[in-house]
Every structure is written in C-alpha cells, then in structure tokens.
Amino acid sequence: MKKFCKKITRFACLAGFLMMLSKTSSAQTDQDAIMMSKHYFCGGAMYGYSGWKNYWEGTLKRENLNLGTGSTQMIGVMGNYGIKNNLNVLFNLPYMKTKASAGTLHGLKGIQDLSVWVKWMPYSRSVGKGTLSLFGLGGVSFPASDYTPDFLPLSIGLHSTNVSARVMADYELGKFFATASGTYTYRNNIKIDRNSYYTTELHLTNEVEMPDVASFNFRTGYRSGHLIAEAFVNNNTTLGGFDIRRNDMPFASNKMNATTVGAGFKYTLKNIHQLAFVGNGTYVVAGRNTGQATSVSAGVFYAFNVTGSNKKDSKK
Amino acid sequence: MKKISFLTFTLLAVLMVIQISCSKNIEGRTDKLAALSPANIDLEAGKWKLVLLSRPDSFAVAAPAAITLPGYIGELNEVKGLQFNMTSVQKDNIRYWSAGSVLRWNETMRDLVAKHNLPPYQNEDGTYPIPNSANPFNYPQFPFSNPPFAARAYAYVSAAQYDALVACWYYKKLYNRAAPYKVDSTINANSIMINKTDLPSYPSEQAVLAGVTAELMKAFFPTEIAEINQKVDEAKTATMASGACTRSDWTAGESLGRQIASVFSGRGRGDNTSKAVGTQVQWDSLATACSAKGETPWISLEIPHRNPMLPFFGNVKPFLFDSLTVVNVLRPGPPPSTGSDQMKKETQEVADYVKNPTRENIDLVHFWADGAGTYTPPGHWDAIAAEDFILQNYSEVRWARNMALLNMSLMDAAIVCWNTKYFYFNPRPTQMDPSIKTITGIPNFPSYISGHSTFSGAAAEILGHIIPSRAADYNQMASDASLSRIVGGLHYRSDCSVGLETGKKVGDYAIKRAMTDGAE
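Here the protein sequences line up with chains Z and P, keeping their order.
Under our numbering, the letters of the first sequence match residues 1 to 316, in that order.
Under our numbering, the letters of the second sequence match residues 1 to 520, in that order.
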C-alpha cells in the first residue's frame, strides 16, 4: 500500500471560481493517507477540465448569459518523494487556461501556483480490527508567474501566497478505508493592477486583504495494491470576505465557499507496477460566490526508487 | 500520542506567528494625512467668480452675536466639553476631517458612485429595468451611477461646493469672528490635531460644505440619506471638538450650504438629464438615422441586448459653454466609414493587440478600466487630482475651486462625448470583428469617440493648468488611459485620438474660466 505512486494532484487554489479545479480530486496525496516509501519518487502529469454554467452571486444562484459556460483547462506536473517511510514531500505546478463560451471577455492562460507539501505520519497502529494512522501536513503555495487575480472569473488564480496546516486521520479495515482531514490556510494579501477598488467600501490602494480559509475533507472507499476507488466530500469556507453585489463581477477577496462531492480511482498496472492511471470527477453541490462546477481529470504517474533499486516494487 | 500533541502545538504556534507577523490590515493612500495647512487662507475669495449664484450674498447670513455675550461663552463651554476626555474614536474622527472637507466629501462621493455603479439585471422578457428615483430602494436601486451620471454628480457637487465656499468666505471676511482656538486659551491648548489659521470662523467652512454636499448627495443617492446624515454629524462633532468652530458658526454655515444647494438642484431639474434615457422608439431612430447614412449602426453587445446607456445625455446643459457649442464647435467630424479600408485597418490593429495580450497591456487596461463597480473615469481623475492637491496646501475654498474646474470639465466632456457617440452611433471593434475578445467589459454605448480619452484629455488639460509642474505627467496619464482602450479591445485608434483632442478642447474652456475667476 505504501509503495506506489499514489495520487497526486492539487490543481488549483482553494476556493471560488477556480473551484472547478478543486483540490478534492482523487489523485492527490496531500489529502490522502498514502505514503511513498523511502527513496521512492513518483511523478506524473494530469489533465483536467472544469466548467460551470451557474454560479452563486452571494447566496443567489444564477446564470450569466454574458459568460455562458466558464471553463478552465489544466495541465499539471506533480511529484511525491519519500524522504522516509513516514515523511514525504510533494509538489504540484499547473498551467491553466480559462475561457467564457459567451460574451466578449478574453480568456487568460499561464502557469499558476507552485505548491509544496510536507506530509508526516507520526502514528500508525492497530486499533480494533483495523489500522489507525495519524498525519500532520504543512504546505506552502505561491504564484509561479505574474498573472492577474483581478479578472475573475477568467483569472487563472488568486495570486496569494498561502501557508496551510492540516491534520488528518485514516482508518483502514481490510480493504476499506475512511480518511478525514481539516485544514487551515493562511493567505497573504495580494496586489492588483488597479489602485482603487470597492468591496463593501472604497479602498484607495492596490493591496487586497485576503481572508483565510478553513476546509474539511472526508473520503472513503476501497483500497488495495492495484486499485483504489473512493468517494469524497470536501467543504471550503472562507473566513471573512464579502458577497458579490447584484450583477457585479466576482472579486479575489469574496467569501468563496463550496461543498464538493466526487469520486475517483487509481489503477496500477499489474505487469508494469511502476505505472498508474488516475481519474476522477467532482461536482459542487453548494456554494457561495463560486461556480457550480463539474470537473473531470485524468493522469498518469510513474514511480521508481531513486537509488536505482526497485526490489520493493518487484514484490508488489 | 505525545508526538501528535507536539505536532498540533507546532502547527498552532506556526499559525500564530504568521498571524502576528503578517498583519493583513491594509491602509489607503489617504487614511493617514496630516491636517490641512493652507499656504494662503485666501481671505479675498469672497470676490471670486461664481458659477451659478449671482452674488456671494444671494442668501443672507445674519450677523453673529458678539463673543462677549453669555450665549457665546456657553458655546465655548460646549467646545471644551467635547474636548474633555476625548475617546480615540473621536480623535480619529477629528484627524480624518482635518485633512480637508472638500477632500473627504469627494472621497465619499467616489465611494457612493462605486457602490451604485452596477448595471441592472435583465427582466424575464429580456428587457432591462430602469432605476427610478421616485422609488429608489426597489431593484434596480436608483441610481445606476454610470460614467455620465457620475460625471454630472461630481460636477454639481463640486460646483455647488465652490459657490457655497465663495459665499462663506464673503461672510467670513464681513463678520470677521475669530475661531474658538483664537478666542479661548483652554480651547487653544486642546486644539492639537488641526492647523490654526487667522481665517474667521463664522460661518464655518466645514459646515457650509457639509450642508451643500449632503443636500445634493441626497438627491443623487437617495438610498444613502441615513449614512449621509451620519457623516454630517461626524463632521460637525469633529470640527467643533477640534476647536475650529462653535455651534453658531456651524449652524449658520450648514444653513447657508443647504440653501445654496437648492440653486444647483433647481438647475439639475431643468438641465435635460430627465430626458437622457429616452424610449424604445427614440433608440430605434438612432439606428435608423445611422443606416440612412450608409453606415453600420451600433448594437449592444450584451446578451440580451441592453438599451443604450443614457443616449440623450449629449443634450444635457453644460457648465462651461452652451449646448450650441457642443454641436457646432466641439462635436468632431465623423469616424472612418464602417465600410472603409481605414476602418478595416483600425479593426485589425485592435484584433492584433488582443490576440495574445501582453501582461504589460493587461496591467494598463485594468489600471484605467474604471468599469462597472468602480468610481468611473471621472472618479479616477478626481482621485489623481485630490492626491496631488493634498501636496499643494490649498485652502478649502481653493480646493473647491480646483475640484469644480476639474469636475465641470469632466461633465462637459461627458456631454460632448455622448453627443458625439449617439450622433454617429458607431459600432465597437467587437461588433465589426466578433473574434475580438476584450480584456475588460465593453461599455454599452457606441464607440466613437472614446469616453476614457475625452475625459482624460479634458482632465489633463485643466489639471496641467492648475499644477503646471505636473502637466507633462497628466498628459502622459491621459495618453496611457487612451491607449489602454485600444490595446484592451474596446476602441479604434481614431476613437481615442479624436477623443483626446476633443477632451483637451473642453479643458481649454475650463482654463479660460480659471484665468478670469479671480483666484489666480
């Protein structure tokens, strides 16, 4: 279970109109309970598409004929390295491209944010008939290019530097598991191209105060050496921020909340067990100042022992 | 489990350090200003040329009671009471207003414009509701403070503030009552957050400004009356507690301001703005007239098509010249014909810019966009002007005079621009070539001439006269604002170059006025 390239993606920012590329996808190790073994590296690439026709303007659900369907495509590279059996480091770097199917607004594209997580499993013991593991994770993400966050919903990200802390617990019973985690994300203030903007009052500055975000994730399903299949639910809540005004455009410091459900799988080939495929889909079931996105993504990962020895792998 | 609690502790500690070391409080550029410190109190400003009033004493202000009478002693005690045990909130309030009342009321105007600058959402049948000032709280709330509305609101408030302060200065000199901080040593000792001058305090200039501004603001933003009244109360308490005026100074000033506002409201009711929206039949006739000339008429690029923004605003009565001048002198000749090679060439130029917009151009476009939800281009120029005026140490009356010159230019620029737009009814680049996607929203009115360019040309011209050392900078800003509309996909080059020229001509009328108004 700890050997293979496990799921990695984290293709987007924490909330909001980029929710379509939510971090709830199945193939991602910063939210699952799977560790890479010492000296193993797993790298891969993912493609994702996310689109929404309806969105919440504050709490009011609406469509926008001048946007049609807002969509984002993503290609990301990501990796996970086992420093120790119980200490991993992960990274992710996505390229994004946005589009509105109607209206006149120009889509944007570019490299978004580089994120790096450290994942530590200090505890893993038999409890009852199963195994209980506890994790602590710390992550940072920062913009990897000079994209603008001030053209939502067509901006590719919010351009804040984020520091996240997460605690996670996993219980495995036979081939079934359940994982729960809670995350607090600190977001630093951002700068926009304008030197004045309105939130609930007029600000004469180019600096925007970014509220922090709390998120919770629960996932459960089947987990064996070659197949992982799971369902999950994720909730992001922005701790502050303001609602989009009636018929206004979204803004980076909006109160962007979303509850997302999804399902995913990861399949590791039996004859080439370094190679794994992942796929998943998510849907936003409730939100505020966020698009009701449907997202799908797929990826391929390859794992190997950086010391050159693949013995562990060969044993399955 | 020890490890777990250690981990949790570490994470919490890290988060706390982050919270403490990175305070997220943001500070606006004008949040912490020094108190206004006029280089010249402009004691003779009561003689300056008025905009609408025929005389500075058109509205009588009774002579104040002598400062030796018990009533006045009581007023001084009221000031001392306010200065006694002041809370930090009260001190902040004094500091806020001490930077200058013209500045703070202008900022409040910009705040209200940005708050109300949102296009109404469509009806079920694809038509759009029109905000109704008789029923302002119903959606869509009145007003939709779009650029022409905003330009006019800024101009009326600024021009009225100017006339009101000229009248105020007239009476100040006439009655020559010293400020409380000059009369009473205790008040003087406690007046530490403002600059003390020899300007007479009756009637209070802050009170005149509060009265005239509040009265007009209530008409422009009828849903905000409670907030506006609150603001007047804050200004009143701050000014009295600062030691700059007594209750009678305030009362006389506020009353004078409110009376002068009525002259401007009266003009506003008859300046043709009430007919600026038009009807479906009139809108259709604009397109028909354009087609009759063999040109492609503008159509709204919004879905569903939105009625054009204030198509008859071009008939509003200007401040700096008459309506005939708009049509016969200032309205420029036609844009390139929609069928011409020149138009094809200019459309292609726009298409080339937006195909793969550079980051630099996105920055330029967004910096100058001033679209929905903002204080509009006139508000942007007010912000530019205000932040420069702060450095000039003007008296309140000179502040008002310069803001009035600027905002009358911007309103008149809007009138000339709107007149031109709807006379030619020229399509946007995206209508000519739907592959042109824009880097900010396309405003819902015809293309020729560019509003941003006209506003910016006018503003740069008058501001360059007011602060000659900055003239080159203002012209550069105007060129940037103008260019931003081409590279953003909103306008053809000829919209922008002709817009800038036309705006400058409007600004020249303001310069003519400035050279003869007695303030230079």
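Bear in mind the hints are in silico, worked out from the structure with no lab data behind them.
Check each hint, because a few of them may be wrong.
[Said to hold, decoys possible] Below, simulated DSSO-like cross-link-like pairs (lysine-lysine); rule was C-alpha separation at most 30 Å, straight line:
#: 1; chain 1: P; residue 1: K345; chain 2: Z; residue 2: K191
#: 2; chain 1: P; residue 1: K345; chain 2: P; residue 2: K505
#: 3; chain 1: Z; residue 1: K109; chain 2: P; residue 2: K182
#: 4; chain 1: P; residue 1: K80; chain 2: P; residue 2: K182
#: 5; chain 1: Z; residue 1: K255; chain 2: P; residue 2: K24
#: 6; chain 1: P; residue 1: K47; chain 2: Z; residue 2: K109
[To be verified] Examples of chain Z residues lying across from chain P (beta carbon under 7 Å, computed):
#: 7; residue: N189
#: 8; residue: L202
#: 9; residue: T205
#: 10; residue: V296
The C-beta atom is built at its ideal place from N, Cα and C for all residues, glycine as well.
Practice prompt. Given the hint that K255 (chain Z) pairs with K24 (chain P), test it: the Cα-Cα distance must not exceed 30 Å.
Written response: Given that 30 Å is the threshold and the Cα spacing comes to 16 Å, the pair holds.
Worksheet item: CA of K80 (chain P) to CA of K182 (chain P), is that 30 Å or under?
Response: Given pair K80 (chain P), K182 (chain P) holds - Cα atoms ~14 Å apart, limit 30 Å.
Worksheet item: Under the criterion that the straight-line Cα-Cα distance not exceed 30 Å, is the pair K109 (chain Z), K182 (chain P) satisfied?
Response: Violated, at roughly 64 Å.
Worksheet item: Is K345 (chain P) within 30 Å of K191 (chain Z), Cα to Cα?
Response: Since the Cα atoms of K345 (chain P) and K191 (chain Z) sit roughly 36 Å apart, the hinted pair is violated (cutoff 30 Å).
Worksheet item: For the hint on T205 (chain Z), does the least C-beta distance to chain P fall short of 7 Å?
Response: holds, 5 Å
Practice prompt. So, V296 (chain Z) near chain P? Judge it on the closest CB pair being under 7 Å.
Written response: With a closest approach of 25 Å, the V296 (chain Z) hint is violated.
Worksheet entry | Satisfaction of hint between K505 (chain P) and K345 (chain P), Cα-Cα up to 30 Å | holds, 27 Å
Item to complete: Using Cβ atoms only, decide whether N189 (chain Z) comes closer than 7 Å to chain P, and label the hint accordingly.
Response: holds, 6 Å
Discussion item. Hint validation: L202 (chain Z) versus chain P, beta carbon distance must be below 7 Å. Holds or violated?
Written reply: Constraint on L202 (chain Z) satisfied, holds at 4 Å.
Discussion item. Holds or violated: K47 (chain P) and K109 (chain Z), Cα atoms, limit 30 Å.
Written reply: violated, 60 Å
When held up to the earlier numbered hints, the structure conflicts with 1, 3, 6, 10 and fits the remainder.
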